[in-house]
Amino acid sequence: MAKAHVTTTVNGDEYEFLCEPQQSLVNVLRDELRLSGTKEGCSTGDCGACSVMMDDRLVCSCLVLAVETEGKHIETIEGMGTAENLHPLQRRFLEINGLQCGICTPGILVAAKALLKKNPNPTETEIRFWLAGNLCRCTGYDKIIRSVQAAAEDLRKDKSNGNHS
Amino acid sequence: MATILEESGFNPDADLKVVGTNPVKHDGLDKVLGRAKFGADVYLPGMLYGKIVRSPHAHAKIKSIDISEAKKLPGVKAVITGADFPEIPQGSGWGDMSRTTIAREKVLFDGHPVAAIAAISEQVAKRACKLIKVEYDVLPHVIEVEDAIAKDAPILHDYMRTKGDEDAPDVPTNICEKMVSKIGDIDSGFASADFIVENDFDSKPMHQGYIEPQGCIADYSQDGLVELWTCTQAPFVYRDRLSAILKIDAAKINVQQSELGGGFGGKTGFYAEPLAIVLSKKASAPVKMTLTRTEVFRGTGPVSGTKSRIKMGCKRNGKIVAAEAELYFQTGPYTGSMYFNAPNAMFTRYDLPNIYIEAYEVVSNRPKVNSFRAPCVPQIVFGVEGLIDDMAKKVGMDPIDFRLKNAATEGHTTIYGDTWGPVGFVETLEAAKTTEHYRTPIKSGEGRGISCGFWFNRGGETASTMTLAPDGTVTISTGTADVAGSRISIAMMAAEELGIDVDKVRVKMSDTNSLGFNRVTAGSRTTFSVGMVVVDNARKCIGELCRRAANEWGVAEEEVKFENGEVKPASSNVGDFAPMSIGDITSKTTMTDGAIVSSSSMNVTGAGPGFGVHIVDVKVDEGTGRVDVLRWTVIQDAGKAIHPLQVEGQLQGAAIQGMGWALNEEYIYTQEGQLDNPGFLDYRMPVASDVPMVDCKIVEVPNPLHPFGLRGVGEVPVVPTMAAVGNAITAAIGIRPTSLPMSPPKLLDLIEKRDTLYP
Amino acid sequence: MDQVRYEAPETLDAAIALLSDDTTASTIFAGGTDVMVQLHSDLIEPEVIVNVKNIPDLIGIEEIGGVYTIGAATPVAELQEHKEFCEAWPGVIEGAELIGSVQVKGRSTIVGNLCNASPAADSVPPSIAAGATVNIVGPNGKRKVAVEDIVTGPRQTSLKKGEIIVSTTFPARPPHSGDAYLRLTPRTEMDIAIVGAAVNLTLDDLGICTTARVSLGAVAPKFLLVEECANALIGTRVDKNALYALGKAASDAADPISDKRGTRDYRVKTIAVMTLRAAERAVKRAREN
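Residue numbers (my numbering), protein chains in the order written: chain A, 1 to 165; chain B, 1 to 759; chain C, 1 to 289.
Here chain A stands alone, though its shape is the one from the complex (with noise of 0.2 angstroms):
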């Protein structure tokens, strides 16, 4: 079996790996780097659980091949936040209660991240708009909204206070 050697960075580490050549990175993020935040729900693109940002790109990494990450930068949930240092998203989603049973909630977190990087001040329809890759069949979305809407005036907030982390 011809395998592919390949080099990727995931959350600032650097990995290496063989993968046959159709494989996804969904696939070897979990089954070979281990990796089992990123979740996935379909393989076709449409229910979100795999998102990651590839290069400060927000994609579905059941539609990436594991062999063109070579020399790629790959953030997933795994890189977001500590139980110490938790993303305002993250806590947000907590106390809010924007996850039930929780196998969307990476990639939603992932998704909402990557929407307030690009607009810190989305309107509730800008929100949805952006999640309307991500399912959830357990919240009806509302708690998920209302947790991104949180969490993007915490990050204002922050700003606003010269905090940049």
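Hints are computed from structural coordinates only; laboratory data are not their basis.
Treat the hints with caution; some may be incorrect.
Lysine-lysine pairs mimicking BS3-like chemistry, simulated, CA-CA at most 30 angstroms apart [to be verified]:
no., chain 1, residue 1, chain 2, residue 2
1, B, K753, C, K161
2, A, K159, C, K83
3, B, K126, A, K3
4, A, K72, C, K53
5, B, K697, B, K619
6, B, K619, B, K433
7, C, K83, A, K157
8, C, K260, B, K130
9, C, K260, B, K746
10, B, K393, B, K311
11, A, K118, C, K53
12, A, K117, A, K159
13, C, K161, C, K53
14, B, K126, C, K260
15, B, K126, C, K53
16, B, K315, B, K405
17, A, K117, C, K53
18, B, K163, B, K311
As the structure is a computational prediction, the values presented were derived from the model and not from experiment.
Following the hints, complete the assembly by docking chains B and C onto the known chain A.
Just chains B and C, lined up with the frame of chain A:
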């Protein structure tokens, strides 16, 4: 056996410190960090990957299966077919279940498993699947109910006769069961009616749509023990069913539930699990199996599609006097749809003197149906609440007033024979009337609909343990699943009873080795039932804490009391003893009688019925038939909301699931009987930009049989949804849709029909 | 899909050489949003996957005198971020924006949307209405082809073995021009068009339509460029009567199939409505320019 707490201790005036607040759920942190372990998130040493070969035909005899080429492929460790499963006669419950798992004589739906493979990688397993050669003898198939009950319909099972129908001729049929329910005399009921409304309704199957595909890992050890890690709503039910169809002692199967990535009823029955176990046994290695989304749609259970005729009559004053229905439910290839819920629930919430219902369960070449919130009820209530609105219009009453006029209250005896204690239907309707939403006039060009729903709420077998650690913290093991936040609610009830901070309590979802049988987490039973056993355990632990304190102080047990998390002398006459916290006592168990633990097992009864009212505003694009849902409010009696944010989450999620079912979600089949939309692209679940915020108003009419007065909340909020959307659309376009989903093409046809009828 | 090879050439010549090899089944991989799905559902079983994103000729957005040339592997997200292009061709952007979610648009390309050759592709009707052309390079040299001449039927294109689309060119726009694309889907996002309609028109100083191009999607085996629709608008003020005639011409031109996404009858009815609404939107834009 205990079925309920001897004294619930429910006190409407209790000064609750934890119950009714919104602490962060303990399982949340790992979920936002990506650390929570769901079904597909476990990897074991030496693990293989399993894949399933599925039938491309809706109905066919299996002539032969050739696995020789697949077995030869390097990396393939085991190949199994139906022949590797214990023989259980067809037509029996276990026989049907075993055949749903893997086909034997025939394949009965597109996607029916026929073989499975375990290999060293997913890629190798996939390649091996293509090397399995199955020869089929394709048979005529039948998909829709009306075709399945037709005289010359292709028959799925030659042995099938209609259960519950003595008049049926002794010939094969696709009707599995008939059920008749009645109250009073239907003919005289209609004879006394001033207005009669009647319509035919139909609905398509919808899928539960959980975002986590089924994932499991099975490890069959050399001495015959099975360890199964899986995402399930029913670890104990899985164990016992696996035991029955695989003929393995239940005690030798240990099911450990993972975090559950959504279930909604769809993970109450297994799919790949038995295959993984048999593959693991054959390959002598752990086998992981994860379904693809396509497999989820083709191979796992949606809800029953239905066809119904419903007729209702009322007096000029708005009193309903008669209700009649004929209902047909798809069940997939085998019986077991829970269709009986529909006759029991469809009219229940109204006080009706005369009811007659005939319900039928019908097999066809579709995947076996599975539960979904309030199984088999919402799609029938769609028709009922539509007719209720039609009657309200005929008598010229406000739709909520019309429902209030007919609302059942405490003391009502239902069609299934129960007599109700305190119920909150009237309070829920009245609360709906006072919402800002209902009082705000609708804009021109928009339509508003309201609808109501009822669910029994359930109890059932529930077992749990409570362990007090030396530092005074508390561990609770439950055998129910946490489908969306029950762990925090359970911890809160324990904390309330024990008088401690909720963060000192941890709830763990147990494996099946460690606890007694727990019924499936379904039917809105978990927080209610586990609440019972957890309070029972807390009281037992408190009793023991008091005994230890009394011993230490050298006083009688009656002379101490437990208050706000401390044991103290019952009065100043007892002596001057400093109060002892739970930790003060548990830290000394090494010098007393050992650890303080408690176990409780009940077959819980006493669940209080639940009611909800939904108000929905829509706008219909008359050029295309497309519907925009503009506003949605849910009003529901929770008895007592333990964690109000979680309750709201249940109401909001159910509303939007129902919206999808109402507008676009359906199973579409090709002429050949293959599922044509097995993916999220064409199975159209609502996305974030499709929906409005969902406002919630929680009504609290306590259930006095529960220590905190709670009622289940998970099923009720889906029951009224499609009817509420349907009534709103009717108000908007002036003609009633009767077919679910109310998709744009159907609505455009209706709009054109309206323009011909009323030019 | 037993032995798949992955190649990421850095020059057009290398890519063409790989794609021209008659002995191997190859697939071009740019955004990958269609190819990945087809690959994993065994709809395609290539022996070599040719990632073209490392070829500089295929990346970027260039404007010279109002003429835009978009590299074929440029993701839609970059197009959306290009303010001037968005202002010049709002209808093209409306189509491109409907190619899936934000995640998908981070990868997908309008040329991929075209070459996937689904009659429901959202960015194609507005590109046809815009009068866009694609620049093709192959073993026999270069050629320019109008977008409407690429797709010949479902999953079929006029591209020859070894040929690759390098870029798409959008012409410069006269003043008082406007374009729009509207599609019909049951949901707001994440759907495939039941029907789609693009209108591109130019008005004179008096508000009279001088040129128009109307392209329809998902109503025939290939995209339609409907002259009768254009004629319904040209010479009018795009008033009620013109719009009605436009809608009728769209319905008349439609020859759709019935499938899981919509019936023939429903498509014929709604293409009129969507074309009319797209024209209203396009003319509003033209009047503002």
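Straight-line alpha-carbon gap A:K117 to A:K159, limit 30 angstroms
The given pair, whose Cα atoms are some 12 angstroms apart, holds under the 30 angstroms limit.
Keeping to a limit of 30 angstroms between CA atoms, is the pair of C:K260 and B:K130 held or broken?
holds, 28 angstroms
Is the hinted pair B:K126 and C:K53 satisfied, with a Cα-Cα distance of at most 30 angstroms?
holds, 29 angstroms
Do the alpha carbons of B:K393 and B:K311 lie within 30 angstroms of each other, as the hint requires?
Holds, because 16 angstroms separates the two Cα atoms, which is no more than 30 angstroms.
Are the Cα atoms of B:K753 and C:K161 separated by 30 angstroms or less?
violated, 52 angstroms
If you draw a straight line from the CA of C:K260 to the CA of B:K746, is it 30 angstroms or shorter?
holds, 14 angstroms
Just to be careful, I want the Cα atoms of A:K72 and C:K53 compared with a cutoff of 30 angstroms; is the pair within it?
holds, 13 angstroms
Need the status of pair B:K697, B:K619: alpha-carbon distance at most 30 angstroms?
holds, 23 angstroms
Given the hinted pair A:K159 and C:K83, is their alpha-carbon gap at most 30 angstroms?
Measuring from Cα to Cα gives roughly 26 angstroms; hence the hint holds.
Given the hint that B:K126 pairs with A:K3, test it: the Cα-Cα distance must not exceed 30 angstroms.
OK: B:K126 and A:K3 at ~17 angstroms, within 30 angstroms.
Please verify whether B:K163 and B:K311 have alpha carbons no more than 30 angstroms apart.
Holds. B:K163 to B:K311 sits at ~25 angstroms (cutoff 30 angstroms).
Does A:K157 sit within 30 angstroms of C:K83, going by the straight-line distance between their CA atoms?
holds, 28 angstroms
Of the numbered hints stated above, the single one contradicted by the structure is hint 1.
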